[in-house]
Each structure stands twice: as structure tokens, then as C-alpha cells.
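Listed in order, the protein sequences are those of chains A and B. The first sequence lines up with residues 571 to 684 when you count with the numbering used here. The second sequence lines up with residues 11 to 124 when you count with the numbering used here.
Be careful, since some hints might not be right.
[Said to hold, decoys possible] Using 20 Å as the maximum straight-line C-alpha spacing, the simulated SDA-like pairs for lysine to any residue come out as follows: (1) A/LYS625 <-> B/ARG64; (2) B/LYS50 <-> A/MET581; (3) B/LYS50 <-> A/THR573; (4) A/LYS648 <-> B/LYS46; (5) A/LYS671 <-> B/LEU21; (6) A/LYS640 <-> A/PRO579; (7) B/LYS46 <-> B/THR15; (8) B/LYS51 <-> A/ALA571; (9) B/LYS46 <-> A/ARG679; (10) B/LYS46 <-> A/PRO610; (11) B/LYS50 <-> A/THR575; (12) A/LYS671 <-> B/GLU54; (13) B/LYS51 <-> A/GLN576; (14) B/LYS46 <-> A/LEU617; (15) A/LYS671 <-> B/LYS28; (16) A/LYS671 <-> B/ASN67; (17) B/LYS32 <-> A/SER592; (18) B/LYS46 <-> A/PRO611; (19) A/LYS671 <-> B/PRO76; (20) B/LYS50 <-> A/SER650; (21) B/LYS50 <-> A/THR657; (22) B/LYS51 <-> A/PRO684; (23) B/LYS28 <-> B/GLY13; (24) B/LYS51 <-> A/PRO579; (25) B/LYS51 <-> A/LYS640; (26) B/LYS50 <-> A/SER612; (27) B/LYS51 <-> A/LYS648; (28) B/LYS50 <-> A/PRO579; (29) B/LYS46 <-> A/GLN576; (30) A/LYS671 <-> B/GLU106; (31) B/LYS50 <-> A/PRO610; (32) A/LYS648 <-> A/LYS671; (33) A/LYS648 <-> A/GLN576; (34) B/LYS50 <-> A/LYS640; (35) B/LYS50 <-> A/ALA629; (36) B/LYS51 <-> A/ALA629; (37) A/LYS671 <-> B/PRO18; (38) A/LYS648 <-> B/SER75; (39) B/LYS46 <-> A/MET659.
In case anyone wonders, no lab produced these hints; they're calculated from the structure.
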Amino acid sequence: AQTVTQSQPEMSVQEAETVTLSCTYDTSENNYYLFWYKQPPSRQMILVIRQEAYKQQNATENRFSVNFQKAAKSFSLKISDSQLGDTAMYFCAFVGFGNEKLTFGTGTRLTIIP
Amino acid sequence: ETGVTQTPRHLVMGMTNKKSLKCEQHLGHNAMYWYKQSAKKPLELMFVYSLEERVENNSVPSRFSPECPNSSHLFLHLHTLQPEDSALYLCASSQEKGSPYEQYFGPGTRLTVT
Chain A
571 AQTVTQSQPE MSVQEAETVT LSCTYDTSEN NYYLFWYKQP PSRQMILVIR
621 QEAYKQQNAT ENRFSVNFQK AAKSFSLKIS DSQLGDTAMY FCAFVGFGNE
671 KLTFGTGTRL TIIP
Chain B
11 ETGVTQTPRH LVMGMTNKKS LKCEQHLGHN AMYWYKQSAK KPLELMFVYS
61 LEERVENNSV PSRFSPECPN SSHLFLHLHT LQPEDSALYL CASSQEKGSP
111 YEQYFGPGTR LTVT
């Protein structure tokens, strides 16, 4: 069974700073996908960024980038130039190739301080 | 909005009541999901439907009964619930089951069982 661990229940940073959220996972599969989802206080969860395990290049989406270390089973999210709208719960998630079951971590509550 | 709507947004029910949660997606997706989100716990997948056929029920108690009349609508029928069933229930949809397809989430129904 897959597990996803987010070891930082809460974090806070000043606006415009850079913050990194950590995520580790455990799996015996070789082909899989990793996601970071964001859940703002309004509760609608949206996808932030996605990484295919077979790709060595780290995914980036504007201010969001990941550090994917397959051997270490680590998948951290870096948010650059943080903005007040980045305040949210962030969930790391894993899904095996061909599988519909997303496995989520417990989340990190990120607060951006003005 | 992500194209996935849920009603009601809030629900308070007694343990002897029967109620239903509704989810509708306007994205043309073929797969729909029910998740349970409890505080400080990972999201728990409850049910998966693909092309209106249930493909996963994840050992959910029978007091939760899903229904998927078509690919755009998903219901969760509730009866004789327990206080520990109080949680945020999230609906999601995706293009089809299985990775790498992103799941789009609704805003959730906050359920309180008294």
C-alpha cells in the first residue's frame, strides 16, 4: 500500500518570501504520478502542479516548482514570491499508473503573513 | 469555480434521519468520486464511479449508499449515521478513471451528525 507523509502540519512565511513544503511517499511501483493540491479557506481544492515519475525534469508552474527526488521518494513544493492568496491547505498526493485511487497526505496549512 | 458543484453546502442531521448529498459536474468527465475529509486525517476515498459503474467502494459502511444515474450526477444517500461520520464530503470528477488525469473537486458538503 502507498503512503504519503507531510511532516509539516503548519507553516507561515512573510509575503514575497520563498517557502518549501515537504512530502515523502512510499511505494513499490515504478510508474506513478505525484500532485500538489491547494485547498483555500473556501474549501474548493484545485491542482497546483503535477509530476510524472518517469520524467527527470522537475515540473514548474509559474511561481510553483517541485523538487522530485525519485530515489529518496521525496516530492517537495517550492513557492516563490509568496502572495496572500497562497494561504491555504496544501496536500501532496500519489497515484499509481492506471489506478484511480489518489492517496493523500495529511496536509500542510500555509499562512502568508502580510 | 471548477465546474463541480455540490449541494447542500452544509447539513446537520440526526442519527435517525435520511438525507442525500448531490454532486454535479459540468466538465464532460466520465469518472466521479466521493471523498471524506476529516480534521488532521488524509482524504479518504469512499467510492469511484466510471461510466456510471461503481469500480471501488473501499470498505465504506453500508449506511453510506452511492448512486450514479448518469455521468454528470452523483449522489450519496445517508441513513442512520454516527457522530463520527461528521466531516467534509468532497465530490470530484476526472476525464476517466486512472492516472494521469487530474481530479477536479467540488466545494464540499460540511456534514454534522448530532
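Status of the hints after comparison with the structure:
| no. | hint | in the structure |
| --- | --- | --- |
| 1 | A/LYS625 <-> B/ARG64 | violated (32 Å) |
| 2 | B/LYS50 <-> A/MET581 | holds (15 Å) |
| 3 | B/LYS50 <-> A/THR573 | holds (15 Å) |
| 4 | A/LYS648 <-> B/LYS46 | violated (27 Å) |
| 5 | A/LYS671 <-> B/LEU21 | violated (27 Å) |
| 6 | A/LYS640 <-> A/PRO579 | violated (23 Å) |
| 7 | B/LYS46 <-> B/THR15 | holds (16 Å) |
| 8 | B/LYS51 <-> A/ALA571 | holds (17 Å) |
| 9 | B/LYS46 <-> A/ARG679 | holds (18 Å) |
| 10 | B/LYS46 <-> A/PRO610 | holds (17 Å) |
| 11 | B/LYS50 <-> A/THR575 | holds (12 Å) |
| 12 | A/LYS671 <-> B/GLU54 | holds (10 Å) |
| 13 | B/LYS51 <-> A/GLN576 | holds (11 Å) |
| 14 | B/LYS46 <-> A/LEU617 | holds (18 Å) |
| 15 | A/LYS671 <-> B/LYS28 | violated (28 Å) |
| 16 | A/LYS671 <-> B/ASN67 | holds (11 Å) |
| 17 | B/LYS32 <-> A/SER592 | violated (34 Å) |
| 18 | B/LYS46 <-> A/PRO611 | holds (17 Å) |
| 19 | A/LYS671 <-> B/PRO76 | holds (17 Å) |
| 20 | B/LYS50 <-> A/SER650 | violated (26 Å) |
| 21 | B/LYS50 <-> A/THR657 | holds (18 Å) |
| 22 | B/LYS51 <-> A/PRO684 | violated (29 Å) |
| 23 | B/LYS28 <-> B/GLY13 | violated (27 Å) |
| 24 | B/LYS51 <-> A/PRO579 | holds (11 Å) |
| 25 | B/LYS51 <-> A/LYS640 | violated (25 Å) |
| 26 | B/LYS50 <-> A/SER612 | holds (18 Å) |
| 27 | B/LYS51 <-> A/LYS648 | violated (23 Å) |
| 28 | B/LYS50 <-> A/PRO579 | holds (9 Å) |
| 29 | B/LYS46 <-> A/GLN576 | holds (18 Å) |
| 30 | A/LYS671 <-> B/GLU106 | holds (12 Å) |
| 31 | B/LYS50 <-> A/PRO610 | holds (16 Å) |
| 32 | A/LYS648 <-> A/LYS671 | violated (25 Å) |
| 33 | A/LYS648 <-> A/GLN576 | holds (14 Å) |
| 34 | B/LYS50 <-> A/LYS640 | violated (26 Å) |
| 35 | B/LYS50 <-> A/ALA629 | violated (28 Å) |
| 36 | B/LYS51 <-> A/ALA629 | violated (27 Å) |
| 37 | A/LYS671 <-> B/PRO18 | violated (25 Å) |
| 38 | A/LYS648 <-> B/SER75 | violated (40 Å) |
| 39 | B/LYS46 <-> A/MET659 | holds (16 Å) |
When held up to the earlier numbered hints, the structure conflicts with 1, 4, 5, 6, 15, 17, 20, 22, 23, 25, 27, 32, 34, 35, 36, 37 and 38 and fits the remainder.
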